[in-house]
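Chemist: Each chain, letter by letter, is given below.
There are 2 protein chains.
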Amino acid sequence: MAVKTLEDLFHETLKDIYYAEKKLVKTLPKMATKAASPELKAAIKAHLGETEAHVERLEKVFSVMGWKPVAKKCEALDGLLREADEVMAEIEDANTRDAAIIASAQTVEHYEIARYGTLVCWAGELDMSDAVSLLQMTLDEEHAADKKLSQLADPEVNQKAAA
Amino acid sequence: MAVKTLEDLFHETLKDIYYAEKKLVKTLPKMATKAASPELKAAIKAHLGETEAHVERLEKVFSVMGWKPVAKKCEALDGLLREADEVMAEIEDANTRDAAIIASAQTVEHYEIARYGTLVCWAGELDMSDAVSLLQMTLDEEHAADKKLSQLADPEVNQKAAA
Numbered sequence: 005m006a007v008k009t010l011e012d013l014f015h016e017t018l019k020d021i022y023y024a025e026k027k028l029v030k031t032l033p034k035m036a037t038k039a040a041s042p043e044l045k046a047a048i049k050a051h052l053g054e055t056e057a058h059v060e061r062l063e064k065v066f067s068v069m070g071w072k073p074v075a076k077k078c079e080a081l082d083g084l085l086r087e088a089d090e091v092m093a094e095i096e097d098a099n100t101r102d103a104a105i106i107a108s109a110q111t112v113e114h115y116e117i118a119r120y121g122t123l124v125c126w127a128g129e130l131d132m133s134d135a136v137s138l139l140q141m142t143l144d145e146e147h148a149a150d151k152k153l154s155q156l157a158d159p160e161v162n163q164k165a166a167a
Numbered sequence: 005m006a007v008k009t010l011e012d013l014f015h016e017t018l019k020d021i022y023y024a025e026k027k028l029v030k031t032l033p034k035m036a037t038k039a040a041s042p043e044l045k046a047a048i049k050a051h052l053g054e055t056e057a058h059v060e061r062l063e064k065v066f067s068v069m070g071w072k073p074v075a076k077k078c079e080a081l082d083g084l085l086r087e088a089d090e091v092m093a094e095i096e097d098a099n100t101r102d103a104a105i106i107a108s109a110q111t112v113e114h115y116e117i118a119r120y121g122t123l124v125c126w127a128g129e130l131d132m133s134d135a136v137s138l139l140q141m142t143l144d145e146e147h148a149a150d151k152k153l154s155q156l157a158d159p160e161v162n163q164k165a166a167a
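Those protein sequence lines, which keep their order, are chains A and B. One gets the numbering used here by counting positions in the first sequence from 1 and adding 4 to each. One gets the numbering used here by counting positions in the second sequence from 1 and adding 4 to each.
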């Protein structure tokens, strides 16, 4: 599809993040299996539930716009996940592997924060108020998921949680 | 290199972001050439100067730790930049291309925010106070660069800037 207008760009970026969210629904359970800390496992599983809701919300945005939900291969997310896979496969020590899993998950969260931030901005410019609300809800959840991961990465917070 | 400890993981992640920053020094001038808006061109060029300083700061971190500065291919950043290249090449309309350039640049900023956030956290846990200061300086600049891009993407801000 040739991108000529901001609406075309919005549409293409929606397909990109739709691919990303659908791929994450498949990837997060593997990440939870590799995590050693029960808190990290629980956080990843909770975010899987949210991610499934993000897929549905994106389908609503496609529907509101009268578009078919189509996923477009997102090389950026594939690169992030390949990097995560490598690092998880090669670390034997459980605490170090958990630190690596949190770090990789945060690169994914930040990719999504950048993408949803952009989509909310463009939807506003294009006067798509329904899309703004749906995308903003997901953006807020991605921010919260990133914050939760930072807390899990902080040893002081972990010590307090374990006390 | 086998990753066994948090220090190994810090070292490997440092090589990853070193590759990313060095690649950005080569990529940002191309991005500035493709940008139409003078404000966007200026912002990218200003960030190029900062990025050169980030490379030097990373070299200081390697040096403080007694390590050689080595770059390790970062598939995630390569994916982000391939996506940026594609989108820039295929959009003819200048305003739409600028919107796409800002969006791509923000995915790169967020990758760096995630990576430096993690490195600052690990450097703190490992009691590397010099590394914490150096990495925090860059993290603050990446946050500021992302905010600047959001302002450039906001048409109201642009209208005010043009008034």
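If you're looking for bench data, these hints aren't it; they were derived computationally from the structure. Errors might be hidden in some of the hints.
Which copy? The list can't say, so a pair holds if one copy fits it or any two copies do.
[Stated by the list, open to error] No more than 25 Å apart at the CA atoms, straight line, and that leaves these computed lysine-lysine pairs for PhoX-like:
no., residue 1, residue 2
1, LYS152, LYS76
2, LYS27, LYS77
3, LYS38, LYS8
4, LYS49, LYS152
5, LYS151, LYS27
6, LYS72, LYS19
7, LYS77, LYS151
8, LYS34, LYS8
9, LYS45, LYS76
10, LYS151, LYS76
11, LYS30, LYS49
12, LYS45, LYS72
13, LYS45, LYS8
14, LYS38, LYS19
Chemist: Please go over all the hints and tell whether each is borne out by the structure.
Modeler: Hint check results:
Proximity of LYS152 to LYS76 under the C-alpha cut-off of 25 Å is found in neither arrangement, the shortest distances being 29 Å within a copy and 29 Å between copies. Taking the shortest Cα distances, LYS27 and LYS77 sit within 25 Å of each other both inside one copy (10 Å) and across copies (23 Å). Taking the shortest alpha-carbon separations for LYS38 and LYS8, only the inter-copy value of 16 Å comes in at or below 25 Å, while the best intra-copy value is 43 Å. With identical chains, the CA atoms of LYS49 and LYS152 are at most 25 Å apart within one copy only, with a shortest distance of 13 Å there and 35 Å across copies.
For a Cα distance limit of 25 Å, the shortest separation of LYS151 from LYS27 inside one copy, 22 Å, qualifies, whereas the shortest one across copies, 29 Å, does not. Taking the closest pair of Cα atoms, LYS72 and LYS19 come within 25 Å of each other only inside a single copy of the chain (10 Å); across copies the shortest separation is 42 Å, beyond that limit. In this homomeric assembly, LYS77 and LYS151 never come within 25 Å of each other (Cα to Cα): the closest approach is 27 Å inside a single copy and 28 Å across copies. Proximity of LYS34 to LYS8 under the C-alpha cut-off of 25 Å is restricted to the inter-copy arrangement: shortest distance 21 Å between copies versus 39 Å within a copy.
For a Cα distance limit of 25 Å, the shortest separation of LYS45 from LYS76 qualifies neither inside one copy, at 29 Å, nor across copies, at 29 Å. Taking the shortest alpha-carbon separations for LYS151 and LYS76, neither the intra-copy value of 28 Å nor the inter-copy value of 28 Å comes in at or below 25 Å. Taking CA atoms no more than 25 Å apart as the test, LYS30 paired with LYS49 passes inside one copy only; the shortest distance there is 12 Å, against 39 Å between copies. In the homo-oligomer, the alpha carbons of LYS45 and LYS72 never lie at most 25 Å apart, since the shortest distance is 34 Å inside one protomer and 36 Å across protomers.
Taking the closest pair of Cα atoms, LYS45 and LYS8 come within 25 Å of each other only across two copies (21 Å); inside a single copy the shortest separation is 43 Å, beyond that limit. Taking the closest pair of Cα atoms, LYS38 and LYS19 come within 25 Å of each other only across two copies (24 Å); inside a single copy the shortest separation is 29 Å, beyond that limit.
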